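Undergrad: Next come the chains, spelled out residue by residue.
Protein chains: 2
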Amino acid sequence: METITIIGAGAMGSALTTPLVENGHEVRLWGTELDGHIIDELRAGNNHPKHKYPILKETKLYKVDELAEAMKDSKYVIMAITSDALGMVFERVVPFLTEESIVASVSKGYDYNKSGEIVILPEILKERLPENLSDVPVVAIGGPCKANEVLYRSPTCVVYACEDMEAAKTFKKLIQTEVYNVKVDDDVMGTEISVAMKNAYAVALGMAEGYKGINGLTHNNTKSALFAIAIEEMDKLSTAMGGMTRSVYGLPGAGDLEVTGEAGRNRILGEVLGEGMKASIAIQKMKDDDITVEGYPAIRFGYELVKRLEKEGKLTLKEMPLLDMLNQILYEDALCYEGIRKVLNDFCNN
Amino acid sequence: METITIIGAGAMGSALTTPLVENGHEVRLWGTELDGHIIDELRAGNNHPKHKYPILKETKLYKVDELAEAMKDSKYVIMAITSDALGMVFERVVPFLTEESIVASVSKGYDYNKSGEIVILPEILKERLPENLSDVPVVAIGGPCKANEVLYRSPTCVVYACEDMEAAKTFKKLIQTEVYNVKVDDDVMGTEISVAMKNAYAVALGMAEGYKGINGLTHNNTKSALFAIAIEEMDKLSTAMGGMTRSVYGLPGAGDLEVTGEAGRNRILGEVLGEGMKASIAIQKMKDDDITVEGYPAIRFGYELVKRLEKEGKLTLKEMPLLDMLNQILYEDALCYEGIRKVLNDFCNN
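If you read the protein sequences in the order shown, they are chains X and D.
Residue numbers for the first sequence follow this note's numbering, so the first one is 1 and each next one is one higher.
Residue numbers for the second sequence follow this note's numbering, so the first one is 1 and each next one is one higher.
One thing to keep in mind: the hints can contain errors.
What the hints assert, rightly or not - Pairs of lysine to aspartate or glutamate, EDC-like flavour, derived with a Cα cap of 20 Å:
id: 1; chain 1: D; residue 1: K169; chain 2: X; residue 2: E131
id: 2; chain 1: X; residue 1: K169; chain 2: D; residue 2: D346
id: 3; chain 1: X; residue 1: K342; chain 2: D; residue 2: E178
id: 4; chain 1: X; residue 1: K236; chain 2: D; residue 2: E232
id: 5; chain 1: D; residue 1: K342; chain 2: X; residue 2: E178
id: 6; chain 1: D; residue 1: K342; chain 2: X; residue 2: D346
id: 7; chain 1: X; residue 1: K173; chain 2: D; residue 2: E178
id: 8; chain 1: D; residue 1: K172; chain 2: X; residue 2: D346
id: 9; chain 1: X; residue 1: K172; chain 2: D; residue 2: D346
id: 10; chain 1: X; residue 1: K212; chain 2: D; residue 2: E178
id: 11; chain 1: X; residue 1: K212; chain 2: D; residue 2: E262
id: 12; chain 1: D; residue 1: K173; chain 2: X; residue 2: D346
id: 13; chain 1: D; residue 1: K212; chain 2: X; residue 2: E178
To be verified - A few chain X residues that don't get close to chain D, going by computed Cβ distances all over 12 Å:
id: 14; residue: G36
id: 15; residue: I39
id: 16; residue: K50
id: 17; residue: V94
id: 18; residue: D135
id: 19; residue: E149
id: 20; residue: T177
id: 21; residue: A208
id: 22; residue: R246
id: 23; residue: D256
id: 24; residue: L257
id: 25; residue: I281
id: 26; residue: I283
id: 27; residue: L315
id: 28; residue: L317
Claimed, not checked - One-sided excerpt, in silico: chain D residues whose CB lies under 7 Å from chain X:
id: 29; residue: Y53
id: 30; residue: P144
id: 31; residue: C145
id: 32; residue: K146
id: 33; residue: Y152
id: 34; residue: V182
id: 35; residue: D186
id: 36; residue: G255
id: 37; residue: Q284
id: 38; residue: M286
id: 39; residue: Y303
id: 40; residue: L344
Source of the hints: derived by calculation from the structure; they are not laboratory data.
Keep in mind the model is a prediction, meaning the values are calculated, not measured.
Glycine included, each C-beta is placed from N, C-alpha and C at the ideal position.
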């Protein structure tokens with residue numbers, strides 16, 4: 001039996017308690033200052049407020065001021081924090097790490113590192129490790145994984161990627177059950193680019209769903225063509241960043257894009273735009289309602305990343321017409337239907 | 001203006017009249033003996049009985065005994081016949097072909113050639129060309145293309161693949177519109193394997209949808225994991241047959257699987273099995289109701305093809321666990337939920 005501490009009691013963090021508890025480990029779920037009410041509800045034996053589903057009662061629960069207890073003698077840490085707060089929260093965790101620690105992360109997206117460069121999230125964690133802990137492995141988690149389905153044990157396959165394959169295998173051994181299947185890989189870059197960009201491209205798939213709102217007619221062909229274009233662009237971006245094609249075409253890319261394009265907030269944002277709402281209005285509504293849509297910043301980060309790669313001679317924006325158009329639609333209020341139609345034209349004619 | 005004859009007045013054949021008529025061509029739609037009522041309805045100005053949508057009135061309509069008129073001075077032929085009847089119907093078309101002809105085909109699946117070997121459908125056409133016409137190009141059409149959406153002009157991208165790229169480009173010029181976009185490629189094998197196998201694997205995606213019927217809980221993660229596994233297996237099969245990875249990961253493979261997994265009869269068959277019906281009963285019901293599900297024979301053909309490739313040392317059944325399991329479920333009444341769960345386990349552990 002091992003001890004695992006999950007940092008962040010949101011939907012995904014809470015869900016991952018299930019396979020770990022089932023494997024007989026001591027599982028500690030720590031909530032940030034934003035998760036106080038979640039911990040209260042769970043302590044009261046109620047459903048998790050996010051996915052309205054209970055978690056296993058063996059899970060030990062910790063509030064924001066109990067981080068030291070949550071981390072005591074705990075070698076394994078899973079970061080389950082939104083991308084924009086990941087670095088900040090990790091800084092509080094670092095003092096409790098040792099050379100023996102292994103850190104995994106389910107956060108999705110990009111952030112700016114301390115030098116102001118856009119990087120994948122494992123880099124955000126690594127740059128916060130002090131020199132004596134610089135060998136602590138960071139395992140990137142990707143693949144189709146809706147949190148509620150992990151809680152109620154629908155079978156899935158996910159990827160745990162780490163340059164240190166032994167660290168990935170160690171986590172696999174801790175967490176794999178007969179329904180939560182873990183594939184290990186050493187392609188952190190391809191996994192992370194896929195994981196971040198599938199949220200961006202799911203917005204495009206949502207647009208195709210939304211077009212029905214314009215003329216009452218389905219656009220499944222449009223959605224599928226966008227799916228194929230999205231995969232191709234994800235592969236170009238991953239390759240330019242040093243990632244492997246297998247991750248883009250596998251669970252973290254194509255697999256996860258399939259599930260993300262079927263439901264969720266990224267798709268809903270796209271749907272609203274597809275129906276004809278201007279992006280500036282849709283985004284303002286989102287902000288007013290305090291809704292986070294990961295695909296929205298992912299589009300911008302992806303776009304800026306391509307601009308950087310363009311300067312480095314590794315990729316051009318012209319090779320990424322869908323991402324370019326998503327950026328125009330989301331950040332410059334470009335016309336959605338006409339823009340996407342043009343992307344399909346160009347895809348076949350260039 | 002050119003003359004194009006479409007052989008087969010089913011859903012897809014009828015749909016392809018739209019972009020051709022819009023481009024100003026003389027478009028002739030010929031119905032087989034099974035399509036008599038369709039031609040009658042269309043001649044009466046009614047909706048097409050299959051997709052309940054009208055076709056453009058400029059389309060010229062021909063009944064089964066009017067093939068000579070339909071083919072008169074027509075250089076371009078599109079075969080839109082179900083795979084099991086393709087060779088037989090093509091034999092009737094061949095006498096009207098000339099050395100100038102170009103044949104395209106939207107049929108999906110496999111069949112046995114005259115030597116009893118499983119082949120992709122362009123081979124079924126080619127072996128029926130007499131020696132003096134052996135250079136007539138056969139263009140394979142793949143990619144996301146629900147027929148009704150072509151009729152009402154939802155934007156899409158499809159692939160026209162031919163070893164003779166000029167022939168593919170000629171067809172692209174004839175048929176491409178601002179919404180029906182054509183990408184040309186020379187990878188006939190990869191395109192055809194994708195086109196055939198996406199029907200087979202769509203049955204698996206349907207199963208994941210059906211599992212909700214067992215316990216009331218969604219299995220979107222399962223579906224997405226199956227999606228990634230399906231793409232990987234399609235690529236292995238295509239590669240072993242000499243096809244290119246780009247087709248599997250592009251429009252004919254990943255793109256078309258996405259749309260096929262969302263709706264249609266392949267998915268519905270899978271859904272019924274996922275809900276717990278034994279395959280032998282589901283298949284009998286299908287036959288009683290005279291419903292053709294392309295994925296059902298595609299699973300068997302695919303399975304037998306892998307067995308042949310195994311003998312040739314090019315691929316093993318062990319490398320294709322999902323196809324192997326689909327064959328067991330569909331043809332040997334193996335348990336569906338348990339079988340698919342095992343495929344997911346094996347995918348991560350082998």
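Undergrad: Decide, hint by hint, whether the structure agrees.
TA: We went through each hint and held it up to the structure:
no., hint, in the structure
1, D/K169 - X/E131, "59 Å, violated"
2, X/K169 - D/D346, "16 Å, holds"
3, X/K342 - D/E178, "9 Å, holds"
4, X/K236 - D/E232, "19 Å, holds"
5, D/K342 - X/E178, "9 Å, holds"
6, D/K342 - X/D346, "42 Å, violated"
7, X/K173 - D/E178, "52 Å, violated"
8, D/K172 - X/D346, "14 Å, holds"
9, X/K172 - D/D346, "14 Å, holds"
10, X/K212 - D/E178, "19 Å, holds"
11, X/K212 - D/E262, "15 Å, holds"
12, D/K173 - X/D346, "15 Å, holds"
13, D/K212 - X/E178, "19 Å, holds"
14, G36, "29 Å, holds"
15, I39, "25 Å, holds"
16, K50, "16 Å, holds"
17, V94, "31 Å, holds"
18, D135, "27 Å, holds"
19, E149, "5 Å, violated"
20, T177, "10 Å, violated"
21, A208, "8 Å, violated"
22, R246, "9 Å, violated"
23, D256, "6 Å, violated"
24, L257, "8 Å, violated"
25, I281, "24 Å, holds"
26, I283, "25 Å, holds"
27, L315, "18 Å, holds"
28, L317, "20 Å, holds"
29, Y53, "10 Å, violated"
30, P144, "3 Å, holds"
31, C145, "6 Å, holds"
32, K146, "6 Å, holds"
33, Y152, "5 Å, holds"
34, V182, "6 Å, holds"
35, D186, "15 Å, violated"
36, G255, "3 Å, holds"
37, Q284, "28 Å, violated"
38, M286, "23 Å, violated"
39, Y303, "22 Å, violated"
40, L344, "5 Å, holds"
The structure shown violates the earlier hints numbered 1, 6, 7, 19, 20, 21, 22, 23, 24, 29, 35, 37, 38 and 39.
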